[in-house]
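S.K.: So the chains spell out like this:
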Amino acid sequence: MTSLSTEQSSVDAGATTSRRAPTQFPFGSLTADGGASADPVLVEIVQGSLAAVEMEVETAIARTSRSPMIRDAHDFRAGIHDRKLRKLTGRSYSALVHPIARDFPLEEMVPGDVFFHNDVYESEGGIGHLPDLCVTVPVFHLNPETGKQEVVAFVQAFGHHDDIGGAVPGSMPSNATSVYEEGLAVPPIKLWDAGVPVRSALRIMTRNSRTPEALAADLDAECSACLMGAQRLGELFDRYGRDAVESAFDAIIDNTTRTYRREILSKIPVGTWVWEDYAEHDGVEDPKLHTQRITLTRTPEDDPEGERLILDFAGTSPQAKGPINHCGDYSDGVFLKKWLAPILRNLADTPERMAELDVNEGIVPLIEMRFPPKGTLLTPEFPAPTNARTFVILRLLGVLAGVIAKAVDGRMPADQETIRYTGVYGEDMEGRPYLMREVLGGGAGGRYYADGEDTIHVVPDSRNLPTEFTESRFPFIVEKLGLAKDSGGAGQFRGGLGYEKHIRMLKDANFMSIADRSILACWGVKGGKAGSPFQVVVNPGTPEEREIDALADAEPIKAGETIRIRTTGGGGWGDPLDRDPEMVVRDVLWDKVSEQKALEDYGVVLTGSVATDDLGHDAEATKRERERIRAERAEEPFFDRGPGYAALSGGNFAAEVDWA
Amino acid sequence: MPNDSQIRIGIDTGGTFTDVVAFDEASGTMVTTKTPSTPSDPAEGFLAGVAKVLDILGEDGSALSAISHGTTVATNQLLEGKVDRLGFITNEGYESVLEIARQSVPDGYGNSYFWVKPDRIVPRELVKGVAGRIDHNGAEIRPFDEEGARNVARWFRDQGITTLGICLLHAYANPAHEERLREIVAEEHPEAVVSVSSEVLREYREYERSMTTLVDAAVKPKLSRYINNIKRRLDEFTAEEGSVPFYVMKSNGGVLSADEVVHQPITTVLSGPAAGALGAALIGKIAGFDRILTCDGGGTSTDVSVVIDGEPTLTTEGSVGVYPSKIPMIDVVTVGAGGGSIAWLSAEGTLKVGPHSAGADPGPVCYAKGGNDVTITDAHVVLGRIPPHLLGGEIPLDVDGARTALEELSGKLGMSLEECAAGVLEISAWNQANALRQVTVKRGLDVRDFALTTFGGSGSLLLCRLMDILDIGTVVVPLNPGNLSAFGLLTVDVKNDYVQTQVSLHEKLDIAGTGQLFDELTERAAAALELEGFAPEDHQFVRTADLRYFGQAFEVRVSVDDGPFDEAAAEAVAERFHDEHRALYGYDFRGNGEQQVEWVNLRVSGPEVRSEPVQENPEVVEASRRAVCFEPATGYVDTPVYWRPDLAPGAQVTGPAIIEEFGSTVPLHPGFVARVDAYRNIIVTREGADS
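Chains as they are written, first to last, in our numbering: chain A, 60 to 719; chain B, 5 to 695.
Careful: at least some of the hints might be erroneous.
Selected chain A positions facing chain B (in silico; Cβ < 10 Å) [unchecked claim]:
# : residue
1 : 101
2 : 110
3 : 115
4 : 322
5 : 402
6 : 456
7 : 510
8 : 519
9 : 523
Read the hints as simulated data drawn from the structure, not as lab findings. It should be emphasised that the depicted structure is a prediction, and the values quoted were computed from it without experimental measurement. Positions of the beta carbon are idealized from the N, C-alpha and C atoms, including for glycine.
So that you can see chain B by itself, here it is in the shape it has in the complex:
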């Protein structure tokens, strides 16, 4: 690797935009940009983003030192239900496991009379049973039917089914039959792409494990093509093949090298929201809050999650689209309340907002692209709470069109225009607030004990209302709130964390080699700190490792003691892993010779990002003024507008005010105060409250 490779890049591919954040270790500069996403071939947008950000920095591909990526390729495939024909092999007697599922009918009592079950991920005729049986201790009750398995493999080959999922009973306890089945499939049907349950999810419950395995199989071909395509084309940027480490974020907030992740694509399905939550977690920690709620507002929906002590909370009860997935993922609750959410009248004549969205096309009425439905964005622009243009002035908005549409809606409701617009926003704020309550209550937490971070294009627009509704004292709006997911990708493994994927069974761990890798990571972190101006005596490093049980697709992060890395240190890490695993999932395999511990990632974290000196009452310059309506009863008030990059650390603004930046706006209602902290976060509190 050339010595001048110092540019680290985080890329988050979203539905509309691909967000890029680059950090130059040498200079400490951080650059953010956006490029349009390219849904037909997401790799195009990815590479355009890399090129654009390198161009801004005036560097070329040789300067790249690492790229980490949050991808929605797997997610979108599942959400759109675009799953190719799959085959499923299970135990004889269990061929209907997908139809039976868990017998539960969604939602209300009595829905069993009219519920129509969605099509199964594999139609019944493509499910084949094979004889042979393992019990819950892993003992063989009946031998595996090799001949039957061979016939099944040939049948799928003859049918032209090239993607297969395999799930046999109790394979989590003993995968011997599954492994033999895979060998036979490899012999008889070599071109088949296969996912095996004991590798995807080593947990009991046959239906959930079957589904998770099949979802993994379903996204495997497409995700592999996507990742390999990017890897190949990244080489075009660099002199040397494979010289830039390429990481992909997983749904649980961990990262894994691209080479590894193609073998377990299901672990990436929620990598985008995970990156946002992680970015928010880091920002919150830096700003001094150990309990954070995240509110990531986009065009169609808002994602909320809970972060405690810098760690986003996980769930294993998640689902993507209609497909349940038992893979641990950051617990994100999504509500249909985004900038494009539509306001409409129900059959009963009541006002509803969302979950339908005008999306990006035709978009809100004010986009003047043919949209006729009033959206959240239209209400904001009519009330003056967002500027009458998008992205710092690049795209003007049709305010009159939005007003006309809102007048029609308010007329039907017998309300004034302002009451109607404010009402639409109030309903949307309550929808978000109820989701925030739900994520806390289900963990037995009180929403009032948290600080809120708002980000994403629309996440901050209603923050004062959320503070009021939820009785929350503080909101943190990070710098570049539109790019927080990409920032999250950068922070996790690049900016402060130096990570190395090294997969090895615990008992075969190369102690000396691992110690050396930790030392190298520490040296890299130290070098970066020195460039940032930290004296060597101020350096503090935290070493961690991600471990898992062999065959699991998810890792648990545990700390590694300071000092020389020896046998005792390695043993301590394994012990901690058993403890943490039990704490997280309710069980561990300590002392079970069948369940081996595996090391996956080594990590060294340096101190937090650089702060700036906070000035005493720095000058605050108004960029402009405009009429804004915060309360319909008060009407429009002449309100100062500030340009966020102009606000230096220490600056303070009192509502009513509007703070704008590229891609995001903070309307500050009367009675609220915003100050800029040493990291250029905006901290919003109530006027007169201690902060």
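With the rest of the complex left out, here is chain A:
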């Protein structure tokens, strides 16, 4: 196109090796007018019912399942999809119905069928690792003309189960080099056949698990909950008729498309931008930059293929030997589209509005995905391992936030990294084996309207473990559960703080950790500084002090030793010299920023002290100090990755794509 800028055409040239992922289920509507003539009252009733059914299914699973990852860490999701396989509900991500519809034609399904799969490479990209067991139940409606029960929708749920076999308990070997070490892979099968459970299938699965009873109970919980949900949805079709309900489905999805076009797409100018970020290790090779790159193109309104965002992943690193790969290049990338779209909400006008926006299938027509050829982190070839793909697809959220930040002059949040596993295991005081494993959050990035929040977690409802709980179960004392001072990236809006947790062991044990961002940090943007990386130190401040690697399977800890865990702080937003000095004084008073950093990072000259209840700042001296720092500092890139980047990049302090 002649109207494209040179930057865009160069990207188009680079994208020649990229391609769309083929799909046999292209996006389309159920009714001829795409829901335009839907009854507005019914649309609201149907939308409310869908949300209620989804919540009821999740409530039922939470109530009856047995795995701690489901019960306590809330690592499970339900979703409702129409017969075009479009996701109708929008509170969270979910798996895909595509693999089921691919292998079992809808016309051949009968009431009482329940489908199952967890095979990552057969999942069309909807399942990321084998412990996520996925149950799909079709919803039926009687066609009065043919007298036949026809599939009109699907209720689906997947949850992270304790163990599905493989090399290690928990089925997540951090040093796996193939899927064969990660457990039993089940392609789409019938788990129930016309109302009759297929015992042989269940028996194969339980036989391969180290926790067969819990696995059976969890699957039972998922099946019952989805069947209940399917029953409820069927009643909605019976009450209002298929045409009226399907027209409402179309309207619900079309409303989302229109909302995102109006409130999100409109905020991004036409053009093309490139950015990349990295995972630092894959569990097998030495730390290095595992690149994930997005080239973002926002097309104009009159583009022949429509107004949309093109995300091209060309430039992404080759697939890793270790398990951080994610199967993304299937079915037009619809899983990744819905996984990444929540980031787009940050472009809405207010935080309240951001929270209101749902992500259902309606975002799909607005995003085009282009993938590099097979053999990258996002296009791995079977049997590349995938169990720790979380680190890649969580990073991808940040890559998208970053590349959009370049397009919108930084009006996006700075970086957060809020998932990692830490734990101790061994034998307790009575000699019984135990494993304490916790998913600890970190600080969120600063936003153009607020500081990043402290110690939060990207998965809703996922909780930390209270000291009063862990001390009663495990042989240690949590001497401190606080915030890691100075861990939040400096900025006009500071990054949130990570945890600082001190665990003093009462008995010899092993420490384990699976964490990224221990070398690289959460980036700051538009003048904001990077936060502090993840760090584990034993016996801090003593002659026996030693640091532990972020990927540790079994680090021996002696009774009496103290483990200090500091999790990542969020990146800062905006120039720290523009931060209101009163906020810096408050941060020092609240023990979030040290007096030293107040001066060094923020140029704030403090007066008085916390101890004497008279902490304040010298406005004139602060102004002079800030002017001095501004005059002396060199030109800065748009993104700050922190000092760890130089260690992995061969001495560069910023990447080429980091400059605005």
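Could you slot chain B onto chain A? The hints should help.
M.R.: For chain B alone, kept in the frame of chain A given last:
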């Protein structure tokens, strides 16, 4: 106490009205009334209500024998976030416990990028740590730092912070450090009001216990002032100081004497909704239903809850406003669907109803007080489903104004006026229905196995639609549905239940004295029954007691065996308490010498309320007729209107019909039947169904 003290009063202070129900034991008469609430000083409305109801009965204060009260003073303070400056003392190393919370971000995946954490209940600079540590068995790991504690207490004194919360790790297992800390605070900072975690909530989980303790501390000064003010002014009604027992309802449906409740104000935060659920529970039981869903529709919202075998279900996962509270409370789900809920068009052009409300001021368009937004009430009045006036005719409604506003809305949607009005109501009914499903599903129950009770000013307006949407067979509309919360207060401890607060450790329980108290309560219940005309041989009494673990703020009700009250009977009660506690909360402290059992209330319940003879097809007189639209496709149909007090037990009405009473209306759609039972409840079923 004078012998003629026979008037028992229940008072429920709501946002708009204070509901009063009085029961005269001597005559068996029950009187209900309303007075305007007085938010600036709720005690004013309370006392005005007492005066008004006594006036109706032609009695004075000397006739009062008991008052029980559901209050929203604590709730409103929390909902409005009007919390004074608080201080918090915790363990060294845990000063950031409020900021860290449980790390979870509300709602959807990815919200962690834009969520802005609400301000903490105590800002970080008013949190102080003290050294010393207890472990989970209650053993001391490090001694308490007395000098550090003294410095902290003095610091708060110097800062002028006079309300403090204290929560130390594992204090539920051993409160020694907390108690020492409180003593030191009392010495160094005597005017401080203090809440201590081991007294508020003796459960593990430091964040939740800290929050619960701080919420308790936050509402303590105001609630204490309120309760003491009422107590003092109640004395003005009576000759003798403190002669009228004054009870306050707790969030779990129990009651406690006012003297006790000021020490644990957090237990009252949901006392209003609890009273409504209890009233409904009793009505449902009397009407013969053991599984009841309650639907309490007010001006801004609707509260729903589950009642099984007469007992409302409890939760310990509740919250009030933004503050989590682990105190057991009746599990009430609130949806933004009330009479004042606003109908609006979203940015996508779809029709939404609520959760925003026009409130009482300006209120719905038809109130003609400046409201421009179409509300649920406007849709009802335009369709003729409620009368064109409020409160039995006292206040006329502007039906034309409502119609004009609805015409504008329907025009934007391309619908007819009637379709639009019915659509607004249909969406609201589905919002209520989804909440009713949610409360049942989370307990693994099926909504179709329940009867529904609808009450509150707007609770009954959509009952036929709810029956249809939820496939529910029966709805019970109690008498005086607008006053059910106050009725609940009366029933719990006064009308049928005779209760005495008697706090005593189990091991120190005065067996003879307790037996005597039970006998006295039984005599009082028997006397009332005789007045109601029950022969002594028909008297049946159930004895129960409320017990708790020492230091807990919530009690568990257990039965007390018939027969003489002796050591064995007392032991049986304690055993039952351990069992029930385990069943409710998943643990008990049986055999743990550190955890003592404490008796709190003794109770004797008599048989149920008096019924009236059911007549065979009593005469049913139409009060009037008007055009009502039930189905937009059918349009307006000429519909009989009945005045509820005219409907005698046994009366039956077939839809379409409207049944009106003071403060509430039941629109009966075509295809539904209403009959009046022996207790004057309206029982709605489908036409042709067995009932």
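S.K.: Run every hint past the structure and note whether it holds.
M.R.: Against the structure, the hints come out as follows:
1. The beta carbon of residue 101/A comes within 9 Å of a beta carbon in chain B, closer than 10 Å, and the hint placing it at the interface holds.
2. Because the beta carbon of residue 110/A sits about 8 Å from the nearest beta carbon in chain B, less than 10 Å, this interface hint is met.
3. Hint on residue 115/A holds. Least Cβ distance to chain B is approximately 4 Å, under the 10 Å limit.
4. Against a cut-off of 10 Å between C-beta atoms, the interface hint on residue 322/A holds, since the closest Cβ of chain B lies about 8 Å away.
5. For the restraint placing residue 402/A at the interface with chain B, the shortest Cβ-Cβ distance is roughly 7 Å, inside the 10 Å limit, so the hint holds.
6. Evaluation of the residue 456/A hint against chain B yields a held restraint, the C-beta minimum of about 7 Å falling below 10 Å.
7. For residue 510/A, the interface hint holds, since its Cβ comes within 10 Å of a Cβ in chain B; the closest pair sits about 9 Å apart.
8. The restraint placing residue 519/A at the interface with chain B holds, with a minimum CB-CB distance near 6 Å, inside the 10 Å limit.
9. Satisfaction of the interface hint for residue 523/A is found here, the shortest Cβ-Cβ separation to chain B being roughly 5 Å, below the 10 Å cut-off.
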